[in-house]
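Generate coordinates for the entire structure from the input sequences, incorporating the hints supplied.
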Amino acid sequence: VCFAPGGLDCSISFVSHVLGKVCVHGRQKEILSVLVPHLTELTKSDCIWQRICWRLLECVPDRWMEAVVLGFVQRASGADVLSRLLGNLVVKNKKAQFVVTQKLLLLQYGYTTAVLQNVLGYLSLDSLRRALLIKVLQELLETWGSSSAVKHSPAEQQQYISKAILICLSHLKEPEIESCRQELLASMMAGVKCHLDSSLPQIRRLGMIVAESVSLKINTDGPVLKFQCEEDNETRELKSLLVQTPPCRVVPSLPDDDRNERADAALPVVLESNEKPHAAACVTPDEQSDAELDSDDDLIPYDMSEDKELKTTKAPVYIRDCIEVLTGSDDVDKWDATIKALESLIRKNPAATREVSVELAKILLHLEEKTCIEGFAELRQRAQVAVLTTDPIPVAQYLTSQFYSLNYSLRQRMDVLDVLVLAAQEMSYPKTRGKNKNSSAQKPCIQLLPGGDSSKDWRRIVDERIKSKTRRFAKGQSQVEQDSGPNEFNSIAGHFFFPLIQKFDRPLSTFDLLGEDHFVLGRLVHTLAVLMYLAVNAMAVTAMGKALLEFVWALRFHTDSYVRQGLLSCVSSILLGVPTEHLLEDMTEELLETQSWLADVVEKDPDGDCRRLALQNLLLMENLKKKLETVPS
Amino acid sequence: MALPPPDPEFVLRGTSAAVHTLQFSCGGQEPDFPILFSGSENGFVHVWNLKTRRVITALDGHGRKSVYWVETMDAKDRLLSQGRDQRICLWDLAEGRTSVTDSIFTENVGFCRCSLLKVAQGRWLMAMAAKSLEEVQVLELPSKTSVCTLKPEVGAKLGMPMCLKLWQLDSGSQPWLLAGYEDGSVILWNLSMGKALSQLVCHQEPVMSLDFDSEKAKGISGSSEKVLSIWSLNEQQNLQVHKIHKLVNSGISDITIRSDKKILATAGWDHRIRIFGWKKMKPLAVLDYHTATVHCVSFSDHRNPSERVLAAGSKDHRISIWSIYTET
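For the record, the sequence lines run as chains A and B. Under UniProt numbering, the first residue of the first sequence is numbered 1, with each subsequent residue one higher. Under UniProt numbering, the first residue of the second sequence is numbered 1, with each subsequent residue one higher.
Please note that a few of the clues may not be correct.
[To be verified] Derived pair list, reagent style PhoX-like, types lysine-lysine, alpha-carbon separation capped at 25 angstroms:
id: 1; chain 1: B; residue 1: Lys-226; chain 2: A; residue 2: Lys-314
id: 2; chain 1: B; residue 1: Lys-282; chain 2: A; residue 2: Lys-308
id: 3; chain 1: A; residue 1: Lys-314; chain 2: B; residue 2: Lys-315
id: 4; chain 1: A; residue 1: Lys-173; chain 2: A; residue 2: Lys-239
id: 5; chain 1: A; residue 1: Lys-239; chain 2: A; residue 2: Lys-193
id: 6; chain 1: A; residue 1: Lys-340; chain 2: B; residue 2: Lys-262
id: 7; chain 1: A; residue 1: Lys-308; chain 2: B; residue 2: Lys-195
id: 8; chain 1: B; residue 1: Lys-280; chain 2: B; residue 2: Lys-262
id: 9; chain 1: B; residue 1: Lys-315; chain 2: A; residue 2: Lys-308
id: 10; chain 1: A; residue 1: Lys-226; chain 2: A; residue 2: Lys-239
id: 11; chain 1: A; residue 1: Lys-103; chain 2: A; residue 2: Lys-604
Keep in mind that the hints were calculated from the coordinates and are not lab data.
Shown next as structure tokens:
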């Protein structure tokens, strides 16, 4: 297509019509991949071509405008290119304005960051359009801050909006921020509350980063909002959006033969120049070499492994002493030493621990940090797990009853759940435990074994006598048999599980699982899923499965996605834990209902993780059915 | 495979009080026996015969106040002792006598040990903490005339001097003084001009002890923290930090470098004596015998290198004698 460069008034509307029709039929890629680079080239320095381009776009009929604009936005290689191609289209044409400021940013979320950069950069480049930029920012912040959006919209959309907000902030200048400071602050405060309430860590992080960035921009002097969130790739990427690198301005000076179709054409140039100084900096540390030779080799050091920190207080050696120190003593050093030694003491003295197990569990649950020792929470948790594994039934009874009692903090209730899970894991995998009754039979020294094991004693003595009497001609490779111990969790799985599931729908004055404390509900559901999984091969597993399935059914429409994820993992645990025959015999109707619910979740749930888990469950059910069909009945 | 650390050769018991200072005198020829002087908290200076390992005499000259520094002037015949009774006594020990021939009243109530340097035959310089808080006075002995008084500049806020070391590069050359202060800094003083030449902040806590190797122009200081600071003196007479060595437990009471400049020993508050190679501060051994803070360490001056020993005095009333790295 070529134009006569002379006349300004040649009719371009025909071309616009053609362009619009082609785009709306879905052929944007083909036509724009040819058109946009041409136009980019032509409009670089020639104003006439710029005006022709603008006219071209303005004449596209409204019904096709969306397709054309979206196509251009995606194909343009930079914000200023877009600016040259579209001109003030968004100001002049209502439909284009709607598409760019509303549809692109708020209603759709599939575009890349580069597209966002282009669009928002385009809006910032012209004074007429900057007013739109501020409006866009305000609307974005409103959406970001609305609690229903935070709860119900997918994580990807929330991330998209957050990115858009950060890019807008990076483009705004001081006087503009000045004018809308109050509104920005109000929206940010409302929004950050909704984000922090969410149970999903990703949403919380997004909230924290956007709030920090907004606060940074609007409070240039004075204290800014600062959160402690862990850095990872996502947070770093988001933070990098806040800083605008000016490669967009550099594009016009690039040589003519640089025709890049990629949207981030300008960025590689900047990246290259950044890498070179970095490489130079790496060379210098290598130059430091120790030129002096160590001629002190004639003095041989002695063994210094015993040289450790001096311990001033000795830890108590008896469990009852520990209890005394933890409940009464004001001696801070002793308290420290006790906490550090407690777990190993509990494990070494199971009989003594069993006498005082409930008391010890009570003390540990209420134990608060007196001094600043490292890893206090972990030490306490390990001690609690040790107590629970040593004397499971009474301690589990105590802990589960406390979970539903008044006047505990959420942190304490979640601690109870964590301890139950860790203890269950430990008891169901005996190989990971150091103490194993069977291993004592292999030690060469004589030990006083408890009475029930005396049968092993004489066998060992006889074996050794035989071994010493027989002459061996060749010693084959001795196979070390894997120590296998009984799964201790089997007999007590019920004691862990049923008390937790009983009272979830009875609210207390300080604890309402189905209401405000849905975060704890989420944790409870996940805990139940793990306990169910670990109870495989237990006697009570079918009863557990049935109860859990009912529980899941009651809560299946919960609004919190963390809870829903937990419910779906419960279903997986049931499918994996309960023997298939029992599943199909006792729970047929429930399974069918569950299957239809899962299918619904796969299609309609806004959260990506929920959909994935539901799909996995459906596949599991299919596999189980197939397995049963192949087994001859 | 590293060997386990050695046990002490023998342990001297009998002071019945914490041992604060030790000094060997082993250079004598036969039939003289090697001698160890020790100052204790009960005010006695015990003279030990290292062959029989028994106390020969106990010198009582400080009114039962703690003795915290002893040093010989002429091998074993003359001894200086400094006590908390604010006196420095000169003892005449030749031919079995035990009398105080002279004394200096320092009017100083601190804990700073004096430092003695022989500048000529029959002439010594002794640096001691003076009456006024931050000052150090240098006296000539035996005349007891004051050579100079070293005052830090006004507003320096150094605190008390904690440890002193007089040294000269070789006999006949100019003597210098290194002083460690309460604020953690070490100052190099020029005695003829009475001026401070260089100040180096080595520690955040008071400098407890220091020692200096004049051949290598390198020194080491220890404090109540967990680090040992090694510093050097360059040609412009400036002190610079050379290295920092981190310790397992905090607190050093005494540091001494052996006369052959190969190893050094530190006495720690964690009841342990640590041996390091002086050249590169390589940790060599940790000697664990005492059950309370080790207050002092000292190397013997035996002529025969294989007989050299290390002595450590501790709060648990014992003096342990170690034979370590004697082959070199």
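Status of each hint after checking the structure:
no. : hint                     : result
1   : Lys-226(B) to Lys-314(A) : 22 angstroms, holds
2   : Lys-282(B) to Lys-308(A) : 17 angstroms, holds
3   : Lys-314(A) to Lys-315(B) : 21 angstroms, holds
4   : Lys-173(A) to Lys-239(A) : 18 angstroms, holds
5   : Lys-239(A) to Lys-193(A) : 20 angstroms, holds
6   : Lys-340(A) to Lys-262(B) : 42 angstroms, violated
7   : Lys-308(A) to Lys-195(B) : 43 angstroms, violated
8   : Lys-280(B) to Lys-262(B) : 10 angstroms, holds
9   : Lys-315(B) to Lys-308(A) : 21 angstroms, holds
10  : Lys-226(A) to Lys-239(A) : 13 angstroms, holds
11  : Lys-103(A) to Lys-604(A) : 22 angstroms, holds
Hints 6 and 7, counting from the list given before, are not met by this structure.
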